[in-house]
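2 protein chains.
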Amino acid sequence: MGILKKIFSNSRSTEDGIFFSKMENILGFKPLNIEYYQKAFTHRSSNKVDKNGDPMNYERLEFLGDAMLGSVIAAHLFNEVPTGDEGYLTKMRSKIVSREHLNELGRDLNLIQFVESKVPVNHFGENIHGNIFEALVGAIFLDKGYAYCEKFIMKRVIIPYVDIPKLEGKVISYKSLLIEWCQKEKKSFHYEVFDDNGNDGQKYFGVKLSIDNKVIAKARATSKKKAEEKASQRAYFVFQEKINTK
Amino acid sequence: MGILKKIFSNSRSTEDGIFFSKMENILGFKPLNIEYYQKAFTHRSSNKVDKNGDPMNYERLEFLGDAMLGSVIAAHLFNEVPTGDEGYLTKMRSKIVSREHLNELGRDLNLIQFVESKVPVNHFGENIHGNIFEALVGAIFLDKGYAYCEKFIMKRVIIPYVDIPKLEGKVISYKSLLIEWCQKEKKSFHYEVFDDNGNDGQKYFGVKLSIDNKVIAKARATSKKKAEEKASQRAYFVFQEKINTK
Numbered sequence: 001m002g003i004l005k006k007i008f009s010n011s012r013s014t015e016d017g018i019f020f021s022k023m024e025n026i027l028g029f030k031p032l033n034i035e036y037y038q039k040a041f042t043h044r045s046s047n048k049v050d051k052n053g054d055p056m057n058y059e060r061l062e063f064l065g066d067a068m069l070g071s072v073i074a075a076h077l078f079n080e081v082p083t084g085d086e087g088y089l090t091k092m093r094s095k096i097v098s099r100e101h102l103n104e105l106g107r108d109l110n111l112i113q114f115v116e117s118k119v120p121v122n123h124f125g126e127n128i129h130g131n132i133f134e135a136l137v138g139a140i141f142l143d144k145g146y147a148y149c150e151k152f153i154m155k156r157v158i159i160p161y162v163d164i165p166k167l168e169g170k171v172i173s174y175k176s177l178l179i180e181w182c183q184k185e186k187k188s189f190h191y192e193v194f195d196d197n198g199n200d201g202q203k204y205f206g207v208k209l210s211i212d213n214k215v216i217a218k219a220r221a222t223s224k225k226k227a228e229e230k231a232s233q234r235a236y237f238v239f240q241e242k243i244n245t246k
Numbered sequence: 001m002g003i004l005k006k007i008f009s010n011s012r013s014t015e016d017g018i019f020f021s022k023m024e025n026i027l028g029f030k031p032l033n034i035e036y037y038q039k040a041f042t043h044r045s046s047n048k049v050d051k052n053g054d055p056m057n058y059e060r061l062e063f064l065g066d067a068m069l070g071s072v073i074a075a076h077l078f079n080e081v082p083t084g085d086e087g088y089l090t091k092m093r094s095k096i097v098s099r100e101h102l103n104e105l106g107r108d109l110n111l112i113q114f115v116e117s118k119v120p121v122n123h124f125g126e127n128i129h130g131n132i133f134e135a136l137v138g139a140i141f142l143d144k145g146y147a148y149c150e151k152f153i154m155k156r157v158i159i160p161y162v163d164i165p166k167l168e169g170k171v172i173s174y175k176s177l178l179i180e181w182c183q184k185e186k187k188s189f190h191y192e193v194f195d196d197n198g199n200d201g202q203k204y205f206g207v208k209l210s211i212d213n214k215v216i217a218k219a220r221a222t223s224k225k226k227a228e229e230k231a232s233q234r235a236y237f238v239f240q241e242k243i244n245t246k
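Each protein sequence line maps, in turn, to chains W and G.
Anchor point for the first sequence: position 225 equals 225 in my numbering, and the numbering is continuous, going up by one each time.
Anchor point for the second sequence: position 221 equals 221 in my numbering, and the numbering is continuous, going up by one each time.
FYI, nobody ran anything at the bench for these hints, they're computed from the structure.
Please note that the accuracy of each hint is not assured.
Identical chains blur together in the list; that is why a pair holds if it fits in one copy or across any two.
Straight-line Cα separation of at most 35 Å, DSBU-like style, residue types lysine-lysine; simulated pairs [stated by the list, open to error]:
1. K186 <-> K144
2. K91 <-> K51
3. K186 <-> K118
4. K186 <-> K226
5. K118 <-> K175
6. K95 <-> K51
7. K91 <-> K48
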């Protein structure tokens with residue numbers, strides 16, 4: 001009995017250790033209180049309660065994370081677009097924190113691998129991805145405060161996804177922009193797509209974009225289309241001055 | 001000419017000095033960059049532009065302050081009501097940051113005295129009070145960061161106004177609750193109302209509430225009714241244990 005208990009507690013702490021290091025990887029810092037993050041991935045179907053008997057699941061954290069996302073994105077837009085009026089800022093923020101976009105963020109981080117639930121994971125709708133992404137932001141706020149929330153949102157939302165010209169609808173697709181430019185400049189271009197899976201069970205695609213037979217940009221994403229777009233965007237920034245002055 | 005210029009610049013800096021000390025009084029701390037606060041009270045009709053030629057008025061700050069209020073109130077409710085689910089928290093927050101409530105907050109601080117505008121102040125609708133309150137919160141965020149926003153909102157919104165039983169509709173009026181209790185306990189009660197004006201041009205009312213001929217609570221507010229309610233609430237907290245155990 002004593003031995004069984006010991007084995008159990010060891011395996012438990014190994015599991016906790018794996019969760020901790022995966023979290024650290026996603027967050028970019030060491031969590032202080034891992035329980036907040038465990039809560040962020042606990043679905044109500046698990047029927048867990050905390051020491052006070054209150055339900056322990058991610059729903060309240062979602063509310064908190066949504067509020068933190070709203071204010072961090074608001075401050076970012078305020079600083080980045082000094083010419084944008086209140087209406088513009090409100091519209092841009094809604095685009096960034098749209099349900100669809102939050103689902104994409106959660107899906108790209110493969111957060112669903114952490115969900116503890118009695119409902120099979122494939123029974124959830126699309127929104128689970130965005131909901132647990134919001135809950136994760138709420139957990140960061142409780143664990144480390146506003147400044148860490150800001151850093152995390154910068155790293156995981158703003159830098160990889162917030163592209164103001166695209167949000168403004170000025171650029172619909174960097175791929176078509178780039179192809180148009182190559183054709184005008186009589187340059188050859190080639191997208192090479194390959195499987196590029198990590199060890200986290202999520203399917204990824206890698207893309208190498210060559211222009212005039214020289215590799216200009218690489219990218220990795222959860223769909224072929226997204227990876228091509230990312231690589232095109234990177235190439236666009238490489239050529240930006242040339243493109244804009246033509 | 002030199003003398004005139006000097007007089008002008010002196011009178012200007014006296015005016016700035018008065019604004020600075022009035023702000024310090026309202027904020028509870030010394031502003032670092034007073035320009036943010038000046039902007040928070042500049043109406044678009046003044047047609048001011050900043051050094052980059054962008055319009056200088058409070059509308060963008062309103063957007064920022066609204067977002068900060070949303071997240072500070074969210075975090076407060078999250079911590080204060082551990083049993084409240086997502087729907088409850090969302091509903092409570094909307095009540096606290098309702099247009100009506102924000103107008104009351106701005107009006108009670110008499111923020112309109114600072115508004116710089118080409119439109120006469122009495123031509124503005126009610127919402128100007130709430131709008132400049134939000135803009136002020138935005139200015140605090142830019143000037144001093146999130147932690148100061150939190151402190152200010154705690155001092156000016158949460159402590160004086162956020163009363164969870166009342167927001168939940170469990171308590172409609174502390175005055176009637178108190179009167180009911182006095183009648184049941186056969187205690188005499190008396191509200192004494194007097195004018196209590198500050199030097200900021202705003203009309204205030206003071207109330208002394210006596211129970212059994214002993215002054216139990218005092219309060220001050222911008223209407224007789226509000227001052228009575230505030231005093232009743234204070235008395236209620238004094239007698240709370242007695243009232244609840246009856």
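Do the hints match the structure? See the list:
| no. | hint | result |
| --- | --- | --- |
| 1 | K186 <-> K144 | neither (52 Å within a copy, 53 Å between copies) |
| 2 | K91 <-> K51 | between (42 Å within a copy, 26 Å between copies) |
| 3 | K186 <-> K118 | neither (57 Å within a copy, 58 Å between copies) |
| 4 | K186 <-> K226 | within (25 Å within a copy, 75 Å between copies) |
| 5 | K118 <-> K175 | neither (42 Å within a copy, 49 Å between copies) |
| 6 | K95 <-> K51 | between (39 Å within a copy, 30 Å between copies) |
| 7 | K91 <-> K48 | between (38 Å within a copy, 25 Å between copies) |
When the structure is compared with the earlier hints, violations turn up for hints 1, 3 and 5 and for no others.
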